[in-house]
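Number of protein chains: 2
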Amino acid sequence: MADCVVTFQPDNKSVKVELGERILNAAVAADVFINSVCGGLGKCGKCKVQVKGDVSKRDSELLTEEEKENDFVLACESAVMGDLEVYIPEASRAAKHQILVKSKEIDLKRLTPITRKLRLTLPVPSLEDNISDFERIKRGLAEQNIENPRISASLLRNCAKALRENLWDVGATIAEVNGTNEIVNIDSKDSIKKHFGLAIDIGTTTVVVSLIDLNTGETISTKSNYNKQIVCGEDVLARINYAEEEEGGLPRLNKLIVETINFLIENLTLDDELCRRGIEYGTCKDDIIGIVAAGNTTMSHLFLSLDPQHIRLEPYIPTVSLIPTLRARDLNLEVNPEAVVYCVPCRSSYVGGDITADILASGLTKKEELSLLIDVGTNGEAVMGNKEWLVSCSCSAGPAFEGVEVQHGMRASMGAIEKIALTVLPKENGMEISVFYKTIGDIKPKGICGSGLIDLLAEMFIHGIIDKGGNINDLLSPRIRDGIEGKEFVVAWAHETSLGRDMIAHKKEDGEIVMEESEGKDIVITEADIKNIIRTKAAVYASCSVLLKSMNHTFEDLDKIYIAGGFGNYIDLKKAILLGLFPDVPLKKYDFIGNGSLGGAKLALLSKDMREEAERIYKMMTYIELSVNNMFYNEFTSALFLPHTDTNLFPTVAEQLDKNQG
Amino acid sequence: MADCVVTFQPDNKSVKVELGERILNAAVAADVFINSVCGGLGKCGKCKVQVKGDVSKRDSELLTEEEKENDFVLACESAVMGDLEVYIPEASRAAKHQILVKSKEIDLKRLTPITRKLRLTLPVPSLEDNISDFERIKRGLAEQNIENPRISASLLRNCAKALRENLWDVGATIAEVNGTNEIVNIDSKDSIKKHFGLAIDIGTTTVVVSLIDLNTGETISTKSNYNKQIVCGEDVLARINYAEEEEGGLPRLNKLIVETINFLIENLTLDDELCRRGIEYGTCKDDIIGIVAAGNTTMSHLFLSLDPQHIRLEPYIPTVSLIPTLRARDLNLEVNPEAVVYCVPCRSSYVGGDITADILASGLTKKEELSLLIDVGTNGEAVMGNKEWLVSCSCSAGPAFEGVEVQHGMRASMGAIEKIALTVLPKENGMEISVFYKTIGDIKPKGICGSGLIDLLAEMFIHGIIDKGGNINDLLSPRIRDGIEGKEFVVAWAHETSLGRDMIAHKKEDGEIVMEESEGKDIVITEADIKNIIRTKAAVYASCSVLLKSMNHTFEDLDKIYIAGGFGNYIDLKKAILLGLFPDVPLKKYDFIGNGSLGGAKLALLSKDMREEAERIYKMMTYIELSVNNMFYNEFTSALFLPHTDTNLFPTVAEQLDKNQG
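If you read the protein sequences in the order shown, they are chains A and B. Quick note: the first sequence uses our numbering, first residue 1, plus one each step. Quick note: the second sequence uses our numbering, first residue 1, plus one each step.
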């Protein structure tokens, strides 16, 4: 078929695609990210782009007449019919967002990485000692207490050459795979110092990969990028849906996550840091021999190319939970094809390997003290326990804190309001409400991210702008007004913002096309947004309550609360407690563990004890299914207030509110 | 590239090949076999064919002027340059030969085949019992005492579907692979009765495959064919040479043996016998789930695509001897891709899996009695021992008994003289020597096969036509004459034979081509042939002597002598002893085990005890390298007489000779 060249603006990135390819897919191929909340189903209208060239499109009611006149189309419903220039307006661009790659470092007493490199100095064969090459290798390994090793057909085919080229003095890489020793590589003895591994956090939105020196445990470099699966839907359910309903959906989702990871591997192995260490360009990929990945259960399934459809349906059964160790070649990862790939075990369909990794990173199962771990993302997961027992649950908290389902919400990326403070002063004819905010990158704001939303709601609540139920009070202020979707509060005025401000091509009457800067828009929060956020925080809090009650504990019994996930690291803890998102316990009990998924993966990569601990966590963790749990429903309903129906649960908040009212 | 159609006569088989393909390769593709002793190097001249059409050829001195005029070319040195008709004269045709597929049957007390099929009736998942599919399978297997099974990535990908399609009531196939349980298949519970395996004898010349019902142990059908590698050389050394020196030699040899086996599998699964048993056409290949192959060390290497070059060079090191169990997908076998493939272990570079299989088939390591096992082929291998110890050796006996290196020798195929008796009567002016013979197929003879050669030499010796040294005595008889290569004995006169008789196209002077039957030729045996045969028998006998002496035994100590291989089954034992090929012990001590390679493979396929026995044989068998052994040289030299320098070793022969002289 004929190829068409599609150029994306303003990035000026071009890509060759087949005639008839969807613009959304062309963007993925060009490594340009267009928003696609609904997964390319033509339902969300978030992927509007302006085209110059020939496209075949469906007429969508999500486009205004003006947009249609100006050649706007939905990227997901338009096919490339020739060379094309596509302008992605700001609102449709998936912004480069802050990715938390750091996690709490745990000191490993002893490195016992997933692969070991041993020097094998073998006697040269003679007529008296004429056993086969493979028996000779096994004899050498037995002398180092490695018995009955297995070997793949492809590696066996390489043995004779590897032994002779290296004069019987080789480096052997060994891994314990599913309880058996396997020979993973036979190479020169000099290769022993080139011993690399990857820790991978497979997020639904973002993928982070660390290149790690398995001899020293040091992280050489970390890279992250969007999960390319985003074009197939933004959350786990959309992806499952895509896998099930689209022709070739599962293979495509698998291909996209593998491409995402391979792209990051490519970047990591071209990294300056590697050159600095004197590792030859291009040789490194083959020296990557051990991989640990952590992801939620759906991401783990898609990574392994396993059908995720049963995760979505009661009784929510994944294909696999304690995942057998596989090889890079099984998964098309562009590293040494023999590399072992260990996935951190998933407990259930909705408590995945990312949570197991969080627990590893927190170290909570190594301690006597009673701990609670909370991971807030699109889903909220909570885990409680100590070294002897663990209970877990998950709730579909909703993606409010990720900026979805909130009109001017956005991810934590450039231009997002991340901190907010209000002052409210009585004034003639009403109130003077001032809003102070800080944006990521200190540029004009274009929306509000999770930490900003928490600040905003807490400030609105403490200043009496909203009531316990999240209703906006009728204060006299120009910032409080009736919008199209009901009452709203203006956070930033149009002239301050870059929201909707964009260079837009307009067709003049004579047909000439001119670029014009559009106007900014007010950034607001609506009553509906506030209710969404309250539902999310109520779900998280109720999950924790159910865990505690089911084990006959109260929040006071907790010694420690670990907050995992990128979201946690940037929020104002006091304000999160004020809203009733997190329990009202002394702040010193809180501990932020950062990207626990990546951190736990790294620990499992470097320590046999941690891999065993992951399996122990899998085995001892009980899972409470909330979707059919009456207690959860009651707790959730009680938590739909700020901070909670029962203010006794939030004594310091009650005190502060009293003080404010006084 | 353009395709050319090449048609081979007299079979009238056509094949499409690329322009420039060698005729020899085109023949393989057409499933027509042309002799090629040197492996397509243009050295043996055995692949002469007559062409009609455009070829690109090298001028060879192996062709006579007359042959060149009549468009004869060497198939190995001529490339197809357009559509072509190729006539393969009788002498260049690799005849369909008798293949011994039967082997001694050993009664297995209990079937413990390489794969087991179990019914797994699993509870349907619920919210209370919501473990993953794979954990559910593992739990079900643990109830049947199968712990910690491994699974491949591809099978894992199929689990969810297999369980649900079969309503949680499935047939699981399990194999013990390198000491660990592996799940090899998950299928409907009805599939339990369709449980098939293959026993494969990978011979250098011939490949035999049996389709076996693993539930009953019954052989359903057996098929055999030439090893397609023959075009790359007729013996093991020629193949190793080809692998080493030709561009892409090893992949090609591997491809040819895999094609040979896949072709036989195709035939087996289309077999009437399968239809009779009600197994649906086309479903069977996927039901073949366990495979055991036995071959000499080089054949095993080529089957596994392992470089065999170090087998050939001192100190003769194979890549592998105790061969790890692999999967059909690793080897491109067209059966269930998960099928386990076990190769019978090889002891050393020249005592291979075929010999280990012979030992299994003989059962000698299960008995107290002292046994000797002899396998005569291109190589001769001898093994001695009992249930507690084993010694082995091999000698390059030379392929005399396979008809190679003997002017009118041939394989045991249609038209081969297989039995001979002589009468010698004094007559005026000399002797009247009559030759009585029987050919395979009872047609006009075209050569002499191994059993015929043994009969012939024994008869010539007993009648005084040759002396102890193999020299032809100057008896006055038209059958004894001086030939081009020295003295020779006429076995059959030209008018009786079909040797060289062929329909040959001749170009007449006016250019017209006519078919004419050529004349037959005398079938003779030359003094040089006789010396070659004596060298072969001396090597075999000397090997056995060395084994006995090295363990301080004499032939009298032997309780049993097993003769393995197709050759053994057709020979006249008394005559073989008369020549000194086999030791002079009571005939009742001899036992023919037939195709022990196939028989042993079948035993290993059906019995865990036999697989363990194969490993025990590998471990307890000592190997004596004869090529550097002085004792062997002395024994060989002493055995270069009929029956032997030391006639005390052959008392019954001495007695018979005395009687004849008396």
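The hints are simulated quantities; they were obtained by calculation from the structure and are not laboratory data. This one's a predicted model, so the numbers in the text were calculated from it and none came from an experiment. Take the hints with a grain of salt, since some may be wrong.
It does not matter which identical chain is meant; a pair holds if it fits inside one copy or across any two.
[Claimed, not checked] Below are the BS3-like pairs computed for lysine-lysine, each with C-alpha atoms no more than 25 Å apart in a straight line: (1) Lys507 to Lys531; (2) Lys619 to Lys138; (3) Lys560 to Lys507; (4) Lys52 to Lys549; (5) Lys419 to Lys468; (6) Lys508 to Lys255; (7) Lys255 to Lys161; (8) Lys48 to Lys608; (9) Lys468 to Lys109; (10) Lys487 to Lys608; (11) Lys193 to Lys427; (12) Lys468 to Lys487; (13) Lys531 to Lys468; (14) Lys138 to Lys575; (15) Lys285 to Lys438; (16) Lys608 to Lys138.
Checked hints:
1. Within a single copy, Lys507 and Lys531 get their C-alpha atoms no closer than 41 Å, and across copies no closer than 101 Å, so neither meets the 25 Å cut-off.
2. In the homo-oligomer, the alpha carbons of Lys619 and Lys138 lie at most 25 Å apart only across protomers (14 Å), although the nearest pairing inside one protomer, at 34 Å, exceeds that limit.
3. Taking the shortest alpha-carbon separations for Lys560 and Lys507, neither the intra-copy value of 61 Å nor the inter-copy value of 102 Å comes in at or below 25 Å.
4. Taking identical chains as interchangeable, the C-alpha atoms of Lys52 and Lys549 are never at most 25 Å apart, the minima being 60 Å within one chain and 93 Å between chains.
5. In this assembly of identical chains, the alpha carbons of Lys419 and Lys468 lie at most 25 Å apart only when taken from the same copy (22 Å versus 110 Å across copies).
6. For the homomeric pair Lys508 and Lys255, neither the shortest alpha-carbon distance inside one copy (43 Å) nor that between copies (68 Å) is at most 25 Å.
7. In this assembly of identical chains, Lys255 and Lys161 lie within 25 Å of each other by CA distance solely across copies; the values are 21 Å between and 34 Å within a copy.
8. When the C-alpha separation of Lys48 and Lys608 is checked against a cutoff of 25 Å, the pair qualifies neither within a copy, at 49 Å, nor between copies, at 66 Å.
9. When the C-alpha separation of Lys468 and Lys109 is checked against a cutoff of 25 Å, the pair qualifies neither within a copy, at 50 Å, nor between copies, at 81 Å.
10. With identical chains, the CA atoms of Lys487 and Lys608 are never at most 25 Å apart, being 56 Å at best within one copy and 78 Å at best between copies.
11. In this assembly of identical chains, the alpha carbons of Lys193 and Lys427 never lie at most 25 Å apart, being 72 Å within a copy and 89 Å across copies at closest.
12. Within a single copy, Lys468 and Lys487 get their C-alpha atoms as close as 16 Å, which meets the 25 Å cut-off; across copies the closest is 120 Å, which misses it.
13. Taking the shortest Cα distances, Lys531 and Lys468 sit within 25 Å of each other inside one copy (11 Å), while across copies they are farther apart (111 Å).
14. In this assembly of identical chains, Lys138 and Lys575 lie within 25 Å of each other by CA distance neither inside one copy nor across copies; the values are 61 Å within and 47 Å between.
15. Within a single copy, Lys285 and Lys438 get their C-alpha atoms no closer than 42 Å, and across copies no closer than 68 Å, so neither meets the 25 Å cut-off.
16. Within a single copy, Lys608 and Lys138 get their C-alpha atoms as close as 23 Å, and across copies as close as 23 Å, so both meet the 25 Å cut-off.
Consistency with the previously given hints fails for numbers 1, 3, 4, 6, 8, 9, 10, 11, 14 and 15, ordered from lowest to highest.
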